[in-house]
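K.L.:
For reference, the chains in residue letters:
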Amino acid sequence: MWRLLQIELFKISKRPRTYIAFIAIAAIVSIFQFAFKADGQSYMDLMMQSAKEEFTFDRVQAINGYFMCYIILNTLLIQVPILVALIAADSISGEANMGTLRLLLSKPVSRTQLIIVKFAAATIFTVFLLLWMAVTALLLSIVIFGTGDMLVFRTKGEDSQIMLITQDDVMWRYYAAFAYATVALTVIAALSLLLSIFAENSIGPIIATVCIVIVCTIISNINVPVIDRNIKPFLFTSYLVGWKGFFYIGTRPDGSTIKGSLENWPAIRKSLLILLAHIGVIVGASVLVFRRKDILS
Amino acid sequence: MAAIIQVTNLAKNYGDFTAVNKLSFTVNEGDVYGFLGQNGAGKSTTIRMLLTLIKPTAGSINIFGKELQHHRSEILRQTGAVIERPDLYKYLSAYDNLSIFAKMSGIKVTRKLLMDQLQLVGLDKVYNKKAALFSQGMKQRLGIAVALVHDPRLIILDEPTNGLDPQGIADMRNLIVRLSKEMGKTVVISSHLLSEIEQIATRMIIIHKGEKVVEGSVDELLDPAHTLVDIQTTNDAATRQLLETSRWKIFLQPAKPLQLMMNKDLVPALISELVAGNVQLLSVNSSHSLENYFLSLTTQPGYVEAFAN
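Protein chains in written order, with our numbering: chain A, 1 to 297; chain B, 1001 to 1309.
Fair warning: there could be bad hints in the mix.
[Unchecked claim] Pairs of lysine to any residue, SDA-like flavour, derived with a Cα cap of 20 angstroms:
(1) Lys293(A) x Ala1019(B)
(2) Lys1108(B) x Gln6(A)
(3) Lys1055(B) x Ile197(A)
(4) Lys1108(B) x Leu4(A)
(5) Lys11(A) x Lys1103(B)
(6) Lys1103(B) x Gln113(A)
(7) Lys1212(B) x Thr1026(B)
(8) Lys1090(B) x Ser13(A)
(9) Lys1103(B) x Leu5(A)
(10) Lys293(A) x Asn1013(B)
(11) Lys1129(B) x Arg15(A)
(12) Lys1103(B) x Leu9(A)
(13) Lys232(A) x Ile268(A)
(14) Lys1108(B) x Leu104(A)
(15) Lys14(A) x Leu86(A)
(16) Lys1103(B) x Leu4(A)
(17) Lys14(A) x Asp1096(B)
(18) Lys1108(B) x Gln1119(B)
(19) Lys14(A) x Met98(A)
(20) Lys1108(B) x Tyr1095(B)
(21) Lys1055(B) x Gln113(A)
(22) Lys14(A) x Val1126(B)
The set of hints was computed from the structure by calculation and includes no laboratory data.
Chain A extracted, bound-state conformation (with noise of 0.2 angstroms):
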């Protein structure tokens, strides 16, 4: 099995698709923080006026590493399962085209293990890809904006709040919100996998990803009764944003926040849960539909 999965990611290594999604991670994340350096103030100065309660802070100061990778996450978690689906979604999909996956299949692999270890890698680029995320809008963004507390705007129903958290209470949040997204996106790797078995070339497969992510996030961001009780809580992408949670900070009854706390921890698990569950599934679903599949390609 390991030796499958290093041929896999030595494909996937070699394979110039595979670098677009780096190219254009790196590329976005240039345009935030150049727009942020040449004019971050006023993002901050509509933000504060978004914002109910008065908070007084050097606004200078809040435009730092840590608050510009949050902007960046919130922005840029939503586009990268596309870049996911480009590569997963060409998992079996792409072999088929290429006219290679009967030669592979015509070797003593079981199919069980082939899509395991297809999907193995399609998380492995994930999580490259998010700690590619991780260098340069946290990393680089320190660089360029140096570290402080961080600043998290947050909207609470028809609310605006602003919440602080220190700069010592900062990267472990991160590391946390790293891993829940890797989870969340590896849902869509899962999703593209399976829906590449039915394809002979990627592109519909990678089509059928995105409209299945677009649909399902529209209709986890309808706000009706019937629908939160009955379709949200199935849906993967009502948990996307999760990784949100690990920056609402618990808070006293005063309303100061406290240092290494979770606003509420119990809802992140669950969330986690159910993306595992989802994965669960959806691999489950690929191997039963891949192990009965006629190699026709």
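With the hints as your guide, set chain B onto chain A.
P.N.:
The following block gives chain B in isolation, referenced to the frame of chain A:
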């Protein structure tokens, strides 16, 4: 000689369509086994079932004396295959492609082993070149190297000459002969280019519409009794009438104006009788190539039964 492949009552249905129907055949050790049929006859479906790419609807496949379904990995470890076009990873070099598939075959891979295989198929000088830049012939040779790299006992080649130029076809033919005679491999080769099979196969099966038409040694199937004789005269209609009232009637092909299937030894007598009957002959051509035989079998069901019996 031991049976390497034993297929019994193999069938594959896609809904109402029957791609392969109750197909049984045996490939013995050391055979170059020709698998013949027109396009759509069910050759590729059968070969894919031998490689577990397609699941049979019914029937059994035993390879190396073991049931394929339950000993898949063990059997495939001793089997090499080229299925139609060997489309490899275009973005990888010949060396990397070979290395990947060698590792997947479960063998210990060394640089020497890979370079030896590339040398065998004449690609050692371009080992570092990306497969995307290869001609069809080079890709085909690389596919053969992939099939042979783990030193399999059984080699399955599905339409291996597709897209090759005449020189490529000749090279492939020579390689197959070498694999069989020098290296003792058992080779199953499917093709619709019957003249190719005729030159290299020791035994063969002809299938048509998913069913076996005939199976046997090439020598048997190329018996002189199956010679096709085409006659051209100044008056074909009158000549046919003459033949229909003579002992030659039983050899006349129904759908062809003046074609007979007969023993080659009888051709001089036929010519003598036609001349004696004042038939003005323009030409008499006889042939018993596998292609004629194949065409006669697959287009004339009456003859099929006669030969099968």
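K.L.:
For each hint, tell me whether it holds in the structure or not.
P.N.:
Cross-check of the supplied hints:
For the hint pairing Lys293(A) with Ala1019(B), the CA-to-CA distance comes to about 16 angstroms; that is within 20 angstroms, so the pair holds. Proximity of Lys1108(B) to Gln6(A) is assessed by CA-CA distance (about 15 angstroms); at most 20 angstroms being required, the pair is judged to hold. A distance of roughly 16 angstroms separates the Cα atoms of Lys1055(B) and Ile197(A); the hinted pair therefore holds under the 20 angstroms criterion. Taken as a hint, the Lys1108(B) and Leu4(A) pair is honoured in the structure, with Cα atoms around 14 angstroms apart against an allowance of 20 angstroms.
Between Lys11(A) and Lys1103(B) the CA atoms are separated by roughly 13 angstroms; this keeps the pair inside 20 angstroms, and the hint holds. For the hint linking Lys1103(B) to Gln113(A), the alpha-carbon distance of about 15 angstroms falls within 20 angstroms, and the restraint holds. Among the hinted pairs, Lys1212(B) with Thr1026(B) is consistent with the structure: their alpha-carbon atoms are about 12 angstroms apart, no more than 20 angstroms. Under the criterion of a C-alpha separation no larger than 20 angstroms, the hint pairing Lys1090(B) with Ser13(A) is consistent with the structure, at around 14 angstroms.
Taking the CA atoms of Lys1103(B) and Leu5(A), the gap is near 11 angstroms; set against the 20 angstroms cutoff, the hint holds. Distance check on the hinted pair: Lys293(A) and Asn1013(B) sit about 14 angstroms apart at the alpha-carbon level, within 20 angstroms; holds. Between Lys1129(B) and Arg15(A) the alpha-carbon distance is near 15 angstroms, which keeps this suggested pair within the 20 angstroms criterion. At roughly 14 angstroms between alpha-carbon atoms, Lys1103(B) and Leu9(A) fall within 20 angstroms of each other, so this suggested pair holds.
This hinted pair checks out: Lys232(A) and Ile268(A) have alpha carbons roughly 16 angstroms apart, not beyond 20 angstroms. Distance hint between Lys1108(B) and Leu104(A) is fulfilled; the C-alpha atoms sit about 18 angstroms from each other, no more than 20 angstroms. Simply put, Lys14(A) and Leu86(A) have alpha-carbon atoms about 15 angstroms apart, close enough for the 20 angstroms limit, and the pair holds. Distance check on the hinted pair: Lys1103(B) and Leu4(A) sit about 8 angstroms apart at the alpha-carbon level, within 20 angstroms; holds.
The straight-line distance between the Cα atoms of Lys14(A) and Asp1096(B) is roughly 10 angstroms, inside the 20 angstroms bound, and the hint therefore holds. Restraint check for Lys1108(B) and Gln1119(B): satisfied, since their Cα atoms lie roughly 19 angstroms apart, inside the 20 angstroms limit. Pair hint Lys14(A) plus Met98(A) holds up; C-alpha atoms about 15 angstroms apart against a cutoff of 20 angstroms. Distance restraint check for Lys1108(B) and Tyr1095(B): the Cα-Cα separation of roughly 15 angstroms lies within the 20 angstroms cut-off, and the hinted pair is therefore satisfied.
Proposed proximity of Lys1055(B) and Gln113(A) is supported: the alpha carbons are some 18 angstroms apart, at most 20 angstroms. Between Lys14(A) and Val1126(B), the direct Cα distance comes to roughly 19 angstroms. Compliance with the 20 angstroms bound is thereby established for this hinted pair.
Figure legend: structure checked against the earlier numbered hints; every hint is met.
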